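J.: Those protein sequence lines, which keep their order, are chains A and B.
As numbered in my numbering, residues -6 to 385 make up the first sequence, in order.
As numbered in my numbering, residues 8 to 159 make up the second sequence, in order.
Source of the hints: derived by calculation from the structure; they are not laboratory data.
Take these hints with a grain of salt, some might be off.
Heads up, simulated DSS-like pairs for lysine-lysine below, C-alpha to C-alpha not over 30 angstroms straight-line [to be verified]:
1) K100/B x K64/B
2) K117/B x K102/A
3) K98/A x K92/B
The following residues of chain A were derived to be distant from chain B, with all beta-carbon distances above 10 angstroms [said to hold, decoys possible]:
4) A160
5) Y167
6) T239
7) V249
8) H254
9) H255
10) D303
11) A304
12) K322
Since the structure is predicted, the reported quantities are computational estimates derived from the model, not experimental observations.
Think of the CB as a built atom: it goes at the ideal place given N, C-alpha and C, for glycine as much as any other residue.
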Amino acid sequence: MVMRAVSLIVLLLAAGLALAQHAGHPAGAARVALGASVAFDVRGALWAVSSGDNHVLLRRSADAGRTWSARLPVNAVPEGIGAEGDARPKIALGPRGEVYVTWTKPLAKPYAGDIRFARSLDGGKTFSAPVTVHTDRQEITHRFDALTVTRDGKLFIAWIDKRDVAALGKRGQYRGAAVYFAVSDNQGASFRGDFKLADHSCECCRIAMLPRDDGSVLALWRHVFDPNVRDHAVGVMHADGRVGATHRVTFDAWAVDACPHHGPSLAADAAGRLHAVWFTQGTKREGVFYGRLRTDGESGVDALRRVGGDAAEHADIAAAGTRVVVVWKEFDGKRAKLRAMISDNSGDSWLERDLRATAGASDQPRIVQHNGRFLAFWNTQQEGFVTVAVQP
Amino acid sequence: MAWHRGVARGALPLLPFDATSLSALRKTHAGRPFVLAFWSVYCEPCRDEMAEWNALKRRHPSLPIELVCTDAPSERALINTFFAKYPPGPVRKWVFSDAFSERVRYAVDKTWRGELPRSYFYDTAHKPQIKSGKVDRGWIAAWVDKQQGRGR
Chain A
-6 MVMRAVSLIV LLLAAGLALA QHAGHPAGAA RVALGASVAF DVRGALWAVS
44 SGDNHVLLRR SADAGRTWSA RLPVNAVPEG IGAEGDARPK IALGPRGEVY
94 VTWTKPLAKP YAGDIRFARS LDGGKTFSAP VTVHTDRQEI THRFDALTVT
144 RDGKLFIAWI DKRDVAALGK RGQYRGAAVY FAVSDNQGAS FRGDFKLADH
194 SCECCRIAML PRDDGSVLAL WRHVFDPNVR DHAVGVMHAD GRVGATHRVT
244 FDAWAVDACP HHGPSLAADA AGRLHAVWFT QGTKREGVFY GRLRTDGESG
294 VDALRRVGGD AAEHADIAAA GTRVVVVWKE FDGKRAKLRA MISDNSGDSW
344 LERDLRATAG ASDQPRIVQH NGRFLAFWNT QQEGFVTVAV QP
Chain B
8 MAWHRGVARG ALPLLPFDAT SLSALRKTHA GRPFVLAFWS VYCEPCRDEM
58 AEWNALKRRH PSLPIELVCT DAPSERALIN TFFAKYPPGP VRKWVFSDAF
108 SERVRYAVDK TWRGELPRSY FYDTAHKPQI KSGKVDRGWI AAWVDKQQGR
158 GR
């Protein structure tokens, strides 16, 4: 009995060791960071970034995730890569096959970070040395990078920034943080910035960005409305640094001083209607929600719908034509399920699908589309990168 | 599984918290109130809450406060640096020992989606008052008074 118990422990230790080594970590080192991002290029190849051993790791799949290339380190010199909660490396592809990658490099001071950028102009074979995107070099919060490329090839990078808090010092109180951004119109050779999109964002949620036909970028983020209501706002960034007014779009009344690490997602259908998913624990409603942003000059959403059950979390959304797809994950007591809801009439009615499940740790899922073909992407500890084609 | 092994070394022991820990705590604290508080080194409001736990422990040394860090045991150095700078007082300190964090959260509270800080104030019957975000000092004081009124 004792021998059997000892053997079991040895086995378990060996399994743990194998798992840790498989993931590229020395045994007993950091929790396997599963935070990953994914994007299609214009030809329909799928690109993913994750992190390991202080490198952003790039992989490419020509067959929608059935097989993947070997991992290519984006940063030659190791450095910290934020990959906890809503933080993770990001990837976007340019119209001429440019591969753009951003991440947050944590600094020694708590909550401080730099937004880092590297690019490849040779199809992901080699990457430029990483640069810090913002001109502000204080050791303060510049975190939760978001990255997108407009149709005309301009690169927008936005992030959560606390310089306005630092500027006030002890003289005053500043609600939350701010959203700043920078723009490149030369394939990331240089950036213009730092432009402020909005004061008073939440401190630790991802920012959703959506390029629009006129070359501007619409952002959706968790805001801190006076005094501490963490509902959502939208705002427009222009390539020359101009910004539109901030509009409140969710009214859930979540008054809290907390880190949700649970940012929103945003997509546009062919008719330009805007579809969003977000999380709240407000007094009006609790859970993950879908809604169409009002574009008639009124604030708020219509077609409001709850996403999943009580354990639903980390939804993502994509749209093409009149089809809208939402994916999220939901723990059922034993396994984490990857679930989807699909609408073929721009969010008026929906059907739900269970896509996959895992009995181990998993990342937030993502949904991406290319030419109207939707693909769910999920990084799991046990099965690695999981991709599932999503259709009704 | 592998992560428990990292916990033994280092100056400050962090107890491993997993999906079985709350039911064990309920037994340990049977018939008396306790506080279960979750936090992370990456969460700014959590930093501000440490002083509240410290003050509560000083005023009510016999009230058990179980303080659970949701980061990995491998973050021990960072966690200890944090405690040195923002001391929570003589509370019992834990760290998530299961990478499958949904499983741990579900065992505590099926509706908790991971926002931090997250605190559970269990009365003598172990019915919890649940708080997301930094808990107000006045609210804590009122809760303690209520527990004492019930014969603590």
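J.: Next step is simple, just say for each hint if it's right about the structure.
T.: Against the structure, the hints come out as follows:
no.: 1; hint: K100/B x K64/B; result: holds, 13 angstroms
no.: 2; hint: K117/B x K102/A; result: violated, 34 angstroms
no.: 3; hint: K98/A x K92/B; result: holds, 22 angstroms
no.: 4; hint: A160; result: holds, 17 angstroms
no.: 5; hint: Y167; result: holds, 13 angstroms
no.: 6; hint: T239; result: holds, 22 angstroms
no.: 7; hint: V249; result: violated, 4 angstroms
no.: 8; hint: H254; result: violated, 6 angstroms
no.: 9; hint: H255; result: violated, 6 angstroms
no.: 10; hint: D303; result: violated, 5 angstroms
no.: 11; hint: A304; result: violated, 6 angstroms
no.: 12; hint: K322; result: violated, 8 angstroms
Consistency note: the structure conflicts with the earlier hints numbered 2, 7, 8, 9, 10, 11 and 12.
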